[in-house]
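Sequences and hints are given; from them, build the entire structure.
Those protein sequence lines, which keep their order, are chains A and B.
Residue numbers for the first sequence, in my numbering: 2 to 106.
Residue numbers for the second sequence, in my numbering: 608 to 760.
Since the hints were made in silico from the structure, they are not lab data.
Mixed in with the good hints, there may be bad ones.
As the list claims (entries may be wrong) - Selected chain A positions facing chain B (Cβ under 8 Å, derived; list incomplete):
hint : residue
1    : ILE26
2    : ILE41
3    : ALA76
Treat the numbers as computed from the prediction; the structure is a model and nothing was measured.
Ideal Cβ placement from N, Cα and C applies to all residues, glycine included.
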Amino acid sequence: MDTMLHITTLHYLVLGAALFLLGVIGVLTRRNVVIVLMSIELILNAVNLNLVAFSQLWGGLHGQVFAIFVITDAAAEAAVGLGILIAFFRNKETVNIDEVNLLKW
Amino acid sequence: MLIGGILVITRRNPVHSAVALIVTLLAQASIYLMLYAPFVAGVQIILYAGGIMVLFLFVIMLVSIDRSIRERQFNSQWVVGIIAATALGGLFIAVYSKGKDIFPDRAFSVAEGDNTQKVATMLYGQYMFAFEIASLLLLVAIIGAVVMAKKRI
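Structure (structure tokens):
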């Protein structure tokens, strides 16, 4: 009974993988750019979960420090991405990524 | 937490997605607490659930959502996207079922009391250079966001 209730690192990794998959599905299938950016946040959170889980597994703090750096990157990415989104919405009056096709030949 | 993640990618209204994402982030902060990482949990709540989500909600309010709610929600290559995601999921399952024995069962118990102090010491000691690079990245992101959102440069 005790071994069944014990949460190992593998459980955290499977949870991170599931969250990563949800983010990938969101990025690949949704049309709304805002929701695509939110799915990218989900992916980054999955990576953070793995980093902190391994940090606890090996008893160090490197993973947690890296998780903080990843959070910093996520903030920067969200700011720039939403700025691009506002510029795009001003030009095209839409937030659908199907219509972001200026680079398509 | 997974329910929140599913809601993020299935809701029609972006505001509902944002609320579901907040639920997911808070659940993840509690998981950080379970993993003896109180500082990362605090940063998660303050920065993600506080800062980034406010940014998202502002942008949702700026762009008009009335039209996009009524439109088709999934893009034209969603079949390919689902196939690729399924392949990735199969890869994850294969890797984790084959390699689940390589992880040791026990975990080192980390002292929780001075976690924040230790993280700060590492951040300003061993990772000093990366810390400076991160601040430079944030500066670039601020300038980039302002330039992108400006009407006329």
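Hints, one by one, checked against the model:
The interface hint given for A/ILE26 holds, since its Cβ lies 5 Å from the closest Cβ of chain B, which is under the 8 Å cut-off. Contact between A/ILE41 and chain B, as hinted, is not supported at the beta carbon level, the nearest pair being about 11 Å apart and thus beyond 8 Å. Annotation: interface hint on A/ALA76 holds; nearest CB of chain B at approximately 6 Å, less than 8 Å.
In this structure, only the earlier hint numbered 2 is contradicted, and the remaining ones agree with it.
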